[in-house]
Amino acid sequence: MTVEHKILFTGTMGAGKTTAIGAVSEIPPVSTDVRNSDTSVAKATTTVGLDYGELTLDNGDKLRLYGTPGQMRFDFMWRILARGALGVVILVDNSRPDPLADLDIYLDGFAELIAQTACVVAVGRMEKHPNPGLDAYAKRMEDKGVVCPVLAANVTDARQVVQLLELLLLQLEA
Amino acid sequence: MNTTPRLRLAAESAIDTLMREIKGVKAVVISTEDGLELAARVENTAQVARLSAIASSLAALGAVAGEESQLGQCDNVAIEATHGHILMLQARHPEMTLIVSVVTSREAIIGQVLYFAKQATLLLQQA
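Protein sequence lines correspond, in order, to chains D and E. Okay, so the first sequence: first residue is 1 according to my numbering, each after it adds one. Okay, so the second sequence: first residue is 1 according to my numbering, each after it adds one.
The following block holds chain D by itself, in its conformation from the complex (with noise of 0.2 Å):
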């Protein structure tokens, strides 16, 4: 029998959501991707829907992976896509101003999923934006009292966004 399990995709905009869904789907992902009109953020589109993506594992399980929109503003569909998932993958930009705080904003606001889920931090633009480190966001996450695993990752690369995936799972069988 085939073994379902969705998994969320979340972080701020620009740190690769959609691009990671799109690196390992096997179906055409499905995208909400609008005109980006906030100009603080130099970005051309961005989520305001969901992003839908599904893979399959090498032991037949599948995944049906969603990604979140990143803004605040868009909170009530964090609630939405909640819902059900077994774990959530959290993308942090590290080239960002304040990516500690950026972390502090995806951990409150699945709180409740991590806390009875799995989860994973992945970092992203560190090889030119190597600070804060990974220890940071260790230490950060300790003083939440959040255990989970944080690591660089290239969202671009299938492989790695696999790994994330795949690390999530090995929490969850822990």
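What the hints contain is simulated information worked out from the structure, not anything from laboratory work. Small disclaimer: the values here were computed from a predicted structure and weren't measured. Virtual Cβ for every residue (Gly too), placed ideally from N, Cα, C. Some clues are possibly wrong.
[To be verified] Here are the simulated distance ranges between beta carbons: (1) E:K23 to D:K139: 52 to 60 Å; (2) E:L122 to D:P97: 36 to 44 Å; (3) E:R8 to D:V3: 48 to 56 Å; (4) E:A49 to D:E142: 30 to 38 Å.
[Stated by the list, open to error] Stretch by stretch, here's where chain E covers chain D in the computed footprint (C-beta under 8 Å, at least three residues): (5) 48 to 62; (6) 149 to 163.
We have chain D; now place chain E onto it with these hints.
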């Protein structure tokens, strides 16, 4: 958000018309397709930012539903709730796509709301 004064004026004018013509109207919000408010007239201003973002998500989901069902682009989304209606229409202006959200009580006649909202949206698109 970069919008021309002309588009803002057109949005204000559309809101004036809808507030005047629709019986039972409670709020009209015009927002960008990524959920930022351009103009609004509403009983409770705290709801404006929320409604703008919700309209953005619903319009985008409606667009996906239309495309996936091979029914073409989504022109409007209608919600019938216990105490009223919400109608969200896409206004495809050359400068940017906008979403016109009209919230009414139960006393509003949905056909009438749709008619006036479509007329206002058409004018907004041509502004």
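Q. Which of the stated hints cannot be reconciled with the structure, identified by number in ascending sequence?
A. Of the numbered hints given earlier, the structure breaks just one, which is hint 6.
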